[in-house]
Every structure is written in C-alpha cells, then in structure tokens.
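Chains as they are written, first to last, in my numbering: chain A, 11 to 755; chain B, -13 to 104.
Simulated from the structure, these hints should not be mistaken for laboratory data. This structure is a prediction, so every number in the text was calculated from the model and none was measured. Hints may be right or wrong, so weigh each one.
As the list claims (entries may be wrong) - Cβ-to-Cβ under 7 Å is the rule here; a few derived chain B residues that face chain A:
| hint | residue |
| --- | --- |
| 1 | D(-5) |
| 2 | A43 |
| 3 | L61 |
To be verified - Restraint ranges, calculated between C-beta atoms of paired labels, are given here:
| hint | chain 1 | residue 1 | chain 2 | residue 2 | range |
| --- | --- | --- | --- | --- | --- |
| 4 | A | R160 | B | H64 | 34 to 44 Å |
| 5 | B | R91 | A | E96 | 22 to 32 Å |
| 6 | A | D446 | B | D2 | 28 to 38 Å |
Said to hold, decoys possible - Sample of chain A residues at the chain B side, in silico, Cβ under 8 Å:
| hint | residue |
| --- | --- |
| 7 | A219 |
| 8 | M226 |
| 9 | A487 |
| 10 | H511 |
The beta carbon of each residue, even a glycine, is placed where N, CA and C say it ideally should be.
This is what each chain is made of:
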Amino acid sequence: MSGERVGRVRFMDQQRVNLDGFAHVDVELGLVAVSSPYDPTPSLEVLEGRVVAMDGRRVEDFDSLDTLIATHGIDLSVASEAMGLEDVVFARLFVDPAVSRDEVVRLVAGTTPAKLARVVTLLRPAELMLAMTKLRARRTPSNQAHVTNRLDDPLLLAADAATAAAFGFREIETTVPVLADAPSNAVAVTVGAAVASAGILVQCSVEEAMELEMGMRGLVSYAETVSLYGTESVFIDGDDTPYSKAILAAAYASRGVKMRVSSGAGAEVLMGGAERCSMIYLESRCVSLARAMGVQGVQNGGIDGASVAGSVPGGVRELMAENVMVMARNLEACTGNDALMSESDVRRTSRTLPILLAGSDYVCSGFGTIQRYDNMFGPSQWNAEDIDDWLAMQRDWGVDGGLRTASPEDIARLRREAAEACRDIYRWLGLADFSDEQVELAVDAAGSKDLDDPDPMVVIGAANTIRGSGLGSLDVARALQECGYDDAAARVLDMLAARVHGDHLQTAAIFDDSMNVLSLITDPNDYAGPGTGYEPSPERQAEIDAIRQARGVEDLRADQAQWITRAFEAVGEAELGSDPREVVIGVSPGVGRSVWRTLSGLPVVEVLRELLAGLEEEGCKARVVRVNGTIDLGLVGLTAARLSGSGIGIGLQGKGTALIHRRDLPPLANLELYSMAPVITPSLYRLLGSNAGRHAKGATPVPARNPYTDEAIEARYHTSVIALVALERACVDRGLGNEHLKVTL
Amino acid sequence: MTKAFSGRDASELTPDRMSTDELGPDDVRIHPDTLRSQAAISARHANPQLAANFARAAELALLSEAEVLALYEALRPHRATADELAALADRLDAVPASLCAQLVREAAEVYARRGLLA
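Looking at chain B on its own, in the form it has when it is part of the complex (with noise of 0.2 Å):
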C-alpha cells in the first residue's frame, strides 16, 4: 500500500502503465509518509540518527529540487550571512521543515564561532 509522491500506488508502477505514458517523474519520487515509515523502521532497530535523518528527508521531500539545491549551497562555506541563515530556518520552519530549520540553526551558531559564514 505504498504511495509514491503523486499519490499513485507503488503497484501501479508496471511497464503496461509505462507504455501508455501514463508515468510520471512524480510516480516514481518517494512521498514524505513512506520517509517517515522507514524512520520508524531506523528507531526500533536502534538507529535514531538514521531516523532523524529520515524525518529531515521527509521534510525535504516536500522541497523541489531548486530549493533543496540552494539548501544544500547555502550552507557550504562562506556562502551565506548569519542573517541569511535565520531568514532560511523560518522559510523552513514554514514549510513545516522544523528539524532542516534546527539543523540550520546549529549550523549558523557554529559557523559564526567559527569563521565560516559569507
């Protein structure tokens, strides 16, 4: 009973469907619910990293590809100001994406202790 992004089931995805173009990028992209399943699959098989890592994806999940690319480069060295790293987290915060808000936040407070924000 696994959906993909689109919302079509996982089961649906055969090669009579592909042959009538009925597949999309988006049948084949993972949905959030699926990301948090295998987190709790991660958390009782003593994993809560890679459950917290999961979560994140999930949020992410929800991101198109520009915005997880310019997530990603924004928090690369020297390219974003303590500013532009707060103004981020509450674009996230907003999404709701909390845990990449909070992981922004950390990043932010070490980057300026340690001399690598823009």
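The shape of chain A in the complex, shown without the other chains (with noise of 0.2 Å):
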C-alpha cells in the first residue's frame, strides 16, 4: 500500500490543469523566464556618434541583431540618460500615472534590449496593468479573430468572416491547411467581411514570399507572421535575416499594406537555440529589432511559444512583460492571448485577464472565432465556445474587449448573404460552382463537421486559378458589384483605396465601421490616472451591457403568463378550522395572480396537487388559503398552522419554496424546510404533504432532505428570484387578508 496515492490526490491528478505540462526552470535550455545568469549586463558604449559596445558585445562581434539593433535601434539622443537611469526609477516611470507616455517612449527609446528587460522584469503584475493601460499606442481597444477550417471550404469562410465582423472583430486572419488553398481563403473572407462591415483588416498566413505575393495583389490587406528570433541561429534556422526581414516590411509597405511582425517567448527554447539566455531577454532583442527595422507594430506574448513560457515560474507574467516592452517602444501590440497555452479554463483566463482588463491595441492577436477543431493555427486561447462568455466578462468587469452582442437574426441572415455572395462571385470568376444546398450547410454549419464531405480539389482548383490568372481584390469587388452585392463590393474597394491614402499604415491603425482611421495619430491614447483615458461612449457601453441572455421582470412576467389557468378561484374569507385531522396549505399573494410555474419548471397547480394527494395519503383533510399580507414563507406557513384543525401548516411560494409550519412556533421555524426550490421534485412535493399529515396525525416523520445539487444555483436562478419576487411583492395587500381558494385541479 505504501506509494499509493489516497482518494483525495487521486482525484486531484484527474483535473485538467494536470494535463499540463510544467518544467524546472533550466538554463542551459533557456527555460526561464526573466533572469538567466548568461543574461548580458545592460551596456552602451558610444564613439562618435556610433556604438562601439552593446550588451557586452563589441561592435567587432556583433551578430546581425545586435548591428541592426547598434545602428538603426536607439536613440542615441537619449541614450545615456536611459541607460544612467537606475532600473526601479524607471520601472516607476512605466507605473506612475503622472508621468506621460510621451516621456516613458522618449527615454525607452535610449534603452538596449538587456536593460528594457531589466526594467519590465521590475513591475509586478498589477503594474503591468497599470504600464499597458498606459502605454499602449492606441486610445480604443479593439480585438483580431482567426477564421479558418479544416476544409478550408470558401462558403463556410465567408458565413464565419461575417459572423466575426458581426460580433465587433477588426481583423480578421485566416490560414490553411493545404498551402495551395491561400488564394481561395483570402478571397473568400474578405468577402465575407465586407458583407458584413467595412473597415475589416484580411490578412493570410502562409509562408513569407507567397504572402507577400498575395499583399502586392491585393488579395490581403495586411501581414502579420514576418516572424522575429532572439537568436541568429533561430533566426537563420527560419530561413531570414533582419535584413531580409527589414526589407520585407518595407515591400508591404511599398503597396500600401499594413503589417507587424511577430515574436515571443519560447520560439528560441523550442528550436534549441536560446542560447542559455532568458525568455525575456531574447524578446527584448525582437522588440527593439522590430523598432531598428521601422515596423509599426509586434504580435508578441508568446505565441507559439506561450505554454513554453507557461510552464515555468512567472511565466505568464513574462508574457505580459513581453507586450508592455513592445508598447513602450512605441509599437502597436497585437497581445497574444492567441495559441492555447493550457488545458484548464482556468489558467487560460487568468492569462489572458489582466491584458483584458489593462487593454490593448489587440487584445487577443488571434480569437479562435470558429471552434476549436476548425482552428487550423490550433485551438486559440478563445474560440467560439468562448464568446458568450467574452461577452459577459466584458460587461462583468465594464470592459471594452473589443466585442459586441450579435443578435441571433442578424448572425443568420450575414451568414446567408456571405455565403450566397461568395457561392455568386466564385461561379462568376469561374472559380467553382457551389449548389444551393452547400449554401444552406454553410448557413446553418456550426462548423465544417456539419457540411456534406465537399471536394477538396475544388478549392485547390480555384486557388490555382486565382494565382494563375493574377486576379486580386479589385476582380473580387467588380464581381460583387456585377452579382448584385453592392455594399460588399464598395466595402472592398473602399479597402483598396485605403492603400492608396496609406493613413492604416501608421501606428496601431484600424478602421472603424465608417472607414475613419484610429491609430496612434488620430487616437492616440492619453491615459494619466482615473477619469482619463479610453472610456466607452454611451453607445458603446449600452452594447457592452446588452447582452442578449440579459431578463428583467418584464422577460419573468410574459414567461409566467404563458402558464396562465383559471384553477384558482377565491371564494371567500378563510375561517379558523376545528377537524384536528385538517392541514391548511397557506399560498403567496402572486398564485393565482402572477405566479402559475415554480422554478424548478412545474405549474403551481401540480404542486399543489401533490401536496394535497399527499396529504390525502395520510387521511386528512385539506384547505388552501392565499395568505395576502406577505410574502415571507415563514409567516404564510404560520398563518396556515393557525388557520388549520390540527395546528400544522403548509407554507408554499408561487416559486416553489416550502415549508411544513406548527401554530405554536416562531414565525422563522419550521418542521421542515424546502429551500432550493429549482430542483424540487414532484415526488418531493407528495412526500412534504405525506409529512404534514403526519405531523397533524401527532407522528414524528422522518424529515425530507434537500435534494443534493452541485449546480451552481445561485447563478442560475438568482435573476428569476429578483423578478418573481417583485411580481410577488406587487400582489401583497393586507386589506385583501386571507382568502379561501377553491383549486380545480
């Protein structure tokens, strides 16, 4: 026996944060967070005008990092202002309130990327908070979502890209399966976002150069998996350089496209190439690389490497750490919470929560708006299981998540517009031809399980068809435009002519749903303490709170007139009763007239029929009597027991809470007690009728139990009390007393 695990334990292995997986923190392998002893010292040595020692490296043994970083990366203005700058004295400088981003991104911009990383290393989680509330680019939050399938079908792509757009997504990346399907799904989401909304942001995930490719011809709108290395040797592993990476941004831009770069923690670790240094560290040298290159932005926060991150001590916050460095340098962030970093609904809120609340330019850089087994990147952090509950944690916490509530009506008629629009250009392009029962799956689909097995050398088919022919975005807007989508097509080509204005190029750029650029020009974000910085506009608040599960008493009170009888009819004054074998069930003031169906689903009048074949059961007679005074259980009950022959009462809420009363007891005593109502049954009902009979009969019953729930029912039911309980209150009329109720069961 000795070895073996007690029950206790046993169950604990059975939870799912033990799927996980978790490490010692080792360096050699570069698996620790923030501070590995081959970490350099933060260090910068100038010599007219050009860095000569960076980090513990001279020029002569710089890397390509470490020379584009020495040449492009710092400012050298203020470069030893920073770096003379004690650690915690400027970690204070992210935190405080007071001091204006302006300034924190002016002296950031001296740092190294060792001290950067000494300095986030510095701020505890609820700074962070307070640094990315701070100092992210852009005044309004907003949000990204993956669409992709497994089939990479175009109609389904469509019906979730509008879908996405409808619940308040800004950009939207799709990415493939099949290499040779890129064209076909970057088609078929742009269509299906402009059905639903301008201003939405495409981009495809594919390899660098045919990315590029699709950027030049306008297939994507922007670019974001120009991936960044802390490490040459990872990075050369990738097949780039900096330099090839610098020029890579400079040729989206040269189209008018917008793009990021992306890096994170763990990547180096993964392909054994950390070089025994910290995840912290080697993500400074991507922040201040993408700030050498002259990108407008970073996705970072791990990413692939977030559960690599997550399995060591502080590794989660590290993640954090990674977004307000790329914030501080004065980038858009794009803040992970994509790639799923653990198994445990738990953990996987408890990361993404404080960025949430903090906000961000992006808070998810990759919202799995499908489901789980459609993610093609792999489950996301959020997926479509997730958004009613994103939905509500917004209007939780009072939160801009960047969501919004889509009606049922209006998710269902964007998803047959898109995926009608789609199937209509696809067929007028000659790309495929879809039939209209493909358009219904897609329609109805909760995802790709739920279409019919399509062909996938369609898809292949028109994808090498776009490629081949060269056709781009403005062929997918005429074609809307000549199948009758009007919106859609201006929509798309109001896309296009955004590349020609090159406003979104800017930092931290989206468009709202009337194609104003927000970006760190036009919205710049200026938070300095309460009562400054992003807040909801009114409009924007009502849409937080309005979330469509939300009832009020009005919701409660229709519900119950659907249960509306003519069994309960007043007959008079109740007397006091004198058979010793007589029980009188005392009723609430709202049975009968607003209360017809008890929480746990049973009309009023079942209960009521229950309890009296109860009561029927053990020989007595019985009463009922709507006690108008009150509403409190207790005092109904009482009133009953003294009404009653024998002295016993029942007491009964139109919401099915119960209790068995004596005349000669305080009115909050009882005999016996029902009081989860919600999960009363039936049999439970007949067996407190049985016992008051009992009880009238002058025996002891064995008492019934509560019946056992691990239900949260508070949270369900709590809602439903409120309103039941004022339609009860507005029935309460002591003039009225207690009235004799005949009951046509």
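Two chains, two frames, some hints: make the complex.
Printed below as a string of structure tokens:
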C-alpha cells in the first residue's frame, strides 16, 4: 500500500490542469522566464556617434541582430540619460500615471535590449496592468479574429468571416491546412467580412514570399506573421535575417499593405537555440529589432511559444511583460492570447484577464471565432465556445474587449448573405460551382463537421485559378458588383482605396465601420490616471451591457403569463378550522394572480396536486388559503398553521419554496423546509404533503432532505428569483386578508 | 488630393468607375509621394524608424513585383555572394533607391562577418 496515492490526491490528479506541462527552470536550455546568469548586463558605449559596444558585446562581435539594433534602433540623443537611469526608477515611470506616455517612450528609445528587459522584469502583475493601460499606442482597444476551417471551405469561411465581423472583430486572420488553397481563403474571408462590415483588415498567414505576393496583389490587406527570433541561429533556421525582414517590411509598405512582425518567448527554446538566455531578454532583442527595422507593430506574448513560457515560474507574467516592452517602444501591440497555453479553463482565463482589463491595441492576436477543431492554427486561447463568456466578462468588468453582441437574427442573415455572395462570385469568376444545398449547409453550420464532405480539389482548383490569372481584390469587388452585392463591393473597393491613402500604415491603425482610421496619430492613448484615457461612449457601453441573455421583470412576467390557468378561485375569507385532521396549505399573494410556474418548471397547480395527494394518503383533509398580507414563507406557513384544525400548516411560495409549520412555533422556525426551489421534484412535494399529514396526526416523520446538487443554483436562478419576488410583492394587500381558494385540479 | 500610383486621384475610386471597368491595379496602388508624406507624419510623431521604413518603401514602390520579390530573396541567408549583393546595391542606387541600397550594403558587411553569404 505504500506509494499508493490516497483518493483525495487521485482526484486532484484527474483535473485538467494536470494535463499541462510544467518544467523546472533549466538555464542551459533557456527554460527560464526572466533571469538567466547568461543574460548580458546592460551596457552601451558610443564613440563619435557610433555604437561600439552594446550589452556586453563589442561591435566587431555583433551578430546581425546587434548590428541592425545598434545602427538603427537606439536613439543616441537620449541613450546616456536612459541607460543611466536606475532600473527601479525607470520602472516607476512606467507605472506612475502622472508620467506621460510620451516621456516613457522618449526614454525607452535610448535603451538597449538588456536594459529594457531588466526594467520590465521589476514590474509586478498589478504594475504591468497599470503600465499597459498607460502605454498602449491607440486609445480605443480592439481585437483580432481567426477564421479558418479544416476543409478550407470557402462558403463556410465567408459565413464565419461575416460572423466574426458581426461580433466586432476589426482584423481577421486566416490560414490553410493546404498551402495551395491560400488565395481562395483570402478571397472568401474578404468577401464574408465585407458583407458584414466596412473596414475589416484581412490577412492570410502562409510562407513569407507567398504572403507578400498575395499582399501585393491586394488579396490581403495586412500581414502579421513576419517572424523575428531572439538569436541569430534560430533566425537563420527560419530562413531569414533581420535584414531580409527589414526589406520585407518595406516591401509591404511599398504596396500600401499594413504589416507587423511576430515574435514571442519560447520560440528559441523550442528550436534549441536559446543560448542559455532568459525568455524576456531574447524577446527584448526581438522588440528592439522591430523598432530598428521601422515596422509599426509587433504581435508577441509567447504566441506559439506561450505554453513554453507557461511551463516555468513567472512565465505568464513574462508574457505580459513582453507586451509592455512593445508598447514602451512605441509600437502597436497585438498581445498574444492566441495559442492555447493550457488545458485548464482556469489557467487560460488567468493568462488573458489582466490584459483584457488593462486594454491593448488588439487584446487577442487571434481569438478563434470558429470552434476549436476548425482552428487551423491549433485551438486558440479563446474560441467560438467562448464568445458568450467574453461578452459576459466585458459586461462583468465594464471593459471594452473589442466585442459586441450580435443578435441571432443578424448572425443568420449575415451568414446567408456571405455564403451566397461567395457562391455567386466564385461562379462569376469561374473559380468553382457550389450548390444551393452547400450554401444552406454553410449558413447553418456550427463548424466544418456540419458540411457534406466537399471535394478538396474544388478549392485547390479555385486557388490555382486565382493565382494563375493574377486575380486581385479589384476583380473580387467587381464580381460582387456584377452579382448585385453593392454594399460589399463598395467596402472591398474602399479597402483598396485605403492602400492609396496609406493612413492605416501608421502605428496601431484600425478602421472603424465608417472607414475612419483610428491610430496612434488620430486616436492616441492619453491615459493619465483615474477619469482619463479611454472610456466607452454611451452607445458602446450600452452595447457592452446588452448581452442577449439579460432578462428583466417584464420578461419574466411574460414567461409566467404563458402558464395562466383558471384553476384558482377565491371563495371568501378563510375561517378558523376545527377538524383535528385538517391541514391548511398557505400560498403566497402571487399564486393565482401573477406567478403560475415554479423555478423547477412545475406549474403551481401541479405542486398543489402533489401536496394534496400526500395529505390524502395520510387521511387528512386539506384547505388552500392565499395569505395576502406577506410574501415571507415563514409567515405564510404560520398563518396557515394557525388557521388549520390540526395546528399544522404548509407554506408554499409561488416560486416553489415550501415548508411545514406549526401554530406554536416562532415565525422563522419550521418543522421541515424545502429551500432549493429549482430542484424540488413532484415526488418530494408529495412527501412534504405526507409528512405534514403525519405531523397533524401527532407522529414524528423522518424529515425530507433537500436534494443535493452541485449546480451553481444561485448563478442560474437568482435573477429569476428577484423578478418573481417583485411580482409577488406587487400582489401584497393586507386589506384582502386570507382568502380561501378553491383549486380545480 | 492623394494620387494613386497611376496618377488617378483617390477620390475617383468609386463603384461607378469600377462598374465601367475604368479602374485597374495601378489605380489601387500607393504612390511613392504618399509614402513620403506618411514618412513625414511618422517623423513628426517621434518615430524616425517608421519614417525610414516608409522612405525605403517609397523607393520600392517604383520597382515591379518581381524585382521586389527578388530583392527580398537575395537578402535571405546563403542566397547571394558578396559580389552579387554589391551589384544589387549598385542597381538599387541607379533606380534611385539609395536607402535600400544602403541597407543592402549594411547587410552585405554583416553577412560576410557572420558567414551568411552564399
């Protein structure tokens, strides 16, 4: 028996968090979040306007990352001031609301990678939140969606893109399980997004050269997966250099295509090239590189390496610190929360919540708006399963996480229009023919498993035609126009026109649904403490608060009214009973007036039927009396007991709570109590009736037990209880006294 | 008054003109001057690196898609020799794309030191 775990531990072992991988710190592998003994000491040596040493390396030993950073990425006019600031003094500047974002940005521009890493490492979680609130570039937070499916089915992609746009996402990222399908995915998502909203940015994440090609042809409006790595060896393994990526960045801009780079802790560890440095230091090199290259923004926060960070102590904290480094370097921050970093709903929520609360340029760098199994990036931190959760969390905290409620009617309508538009233009452009049935399936599909096994060659064929014919978004817009989708056509054209203007190329730019650009230039974050910074407009706040599940008293009144019966008739004032076998059932004022159905779903008439049957089984007589002066269950029951010949009474509220009372007990006491109205069954009510009868005959029956439940009864029912209590209170009328009710079963 | 690469004014990018097939790919392509304006905006907002990126982009805007893709390829690891990169830089200077040429020369120097040439 020794070595065998006790039941308590075996039970804990079964919990989902124990599927996660947790690792001891191992500096040799770079499995350490924020401090390795091999991280360089911050240093900067400048000679005649040139950097000759940085973070412990001399210029002749600089690798390609160091060279680019040292040549382009450090503001030498502030460098000595910034590098001379004590780390903890610097950290306070991040957090202190009275220090402006501009001031922090100014100083951080003069820091080396090792210096910035040291400073953010000092920030505790609450301080990271304050820093993020202040330091993000754009005032208005936003969010990014994944829209993919296992089959690269265009109709489903279009419907899901429209759905994502309906929920408020302003960027949509797609990718492909089959590389050759990429251009078709780009077209389908563009169409779906345009059906639902103007101004949605669309990207298709594939190999660098192919993605650039699609960008240049206007098939995508932005690119994100231009990856950076924190060591040269891993960079080279990724078949790029900092310089090739810098030219790539300029290439996108040369065609008016927005782009950001991607980096994140853990990548170097996964590729065995972390060179014994900490995750935060390597990520700081990436962020400095992004600054040096002159891109406008960074997607980081672990990304594919998030669970590597999550495996070590302080790893989740490091992920948030990465985002703060990006913001401090005046870059747009697309803050992780994409790759699923835990099997536990609790851990994955904890990883995201501080960032949702602080706000970011894009709270998720990929909220999987499709179901987990259709997410071709792998399941996201957040997927279709979680959309209502996200909406509820926004409402719970009163924060803007970028989403809004889309009504079921709007979702249905937009999905249909998107699938039809996609079908129509694929036909018009000679890409593929889809049937009406396929459209119907895509509209109603909750995921690709609900489709009818479409032919994969159809998609590859469509994609090859797009690539071979040089088809671009202008052709897509034209096709939409020809097929009668004028709004969608105009929106696709507007996104192309945006490339000509180039305003969305500035830092942290999104389009609102009127094609206004919100960016660092036009919508700068001006947070400076309580009462300042971003506040949702009244319309936006109403949107956040109005989730579709919310109910009011009038909703409940209407629900209850569906159960009206003519079973109750008041036949005069209730008199004192004299038969020693009589039990009176007292009911609350709302019974027979406004409350017809209990919280368990039973009609009140049925509850009375069971109580009366139980009493009859014991050979007792029964009378039903409505106690109009109070809603309190104890007083209702006591009033009934005092009216009854036996001195025993049953109290019953319209919502279903019940008890057995006796004439000589204090009002709040009882002989038996059923308090969990939602879970009381007909047989339990019958048992209550029988037990009341036994009490009336002088016996002491075994008390009924409230049924056990581990449901969150309060969370499910409290709002209904409040509404039912309101309905009952409205019926209280002392003047009416106690009415004898005739009940027709 | 923003012009597209074709010279057409951006305000002319309307559904009507699209419906008569008047609009072509260069009408929805950014003009180098626009990129230089965006560079000036970035510089005014304390972002000299983004401005430099836009300035390089303005140079690349004149190159064909194939030329841009070839430039990117040439800078990837072990693609080009020192001579090929030097020649590439000279060709860029001639466009003129001198900022891009400078970046290529910088890359060539560091690639030589780090063993990243072909």
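Here is how each hint holds up against the structure:
no., hint, verdict
1, D(-5), "violated (9 Å)"
2, A43, "holds (3 Å)"
3, L61, "holds (4 Å)"
4, A:R160 - B:H64: 34 to 44 Å, "holds (36 Å)"
5, B:R91 - A:E96: 22 to 32 Å, "violated (39 Å)"
6, A:D446 - B:D2: 28 to 38 Å, "holds (32 Å)"
7, A219, "holds (6 Å)"
8, M226, "holds (5 Å)"
9, A487, "holds (6 Å)"
10, H511, "holds (5 Å)"
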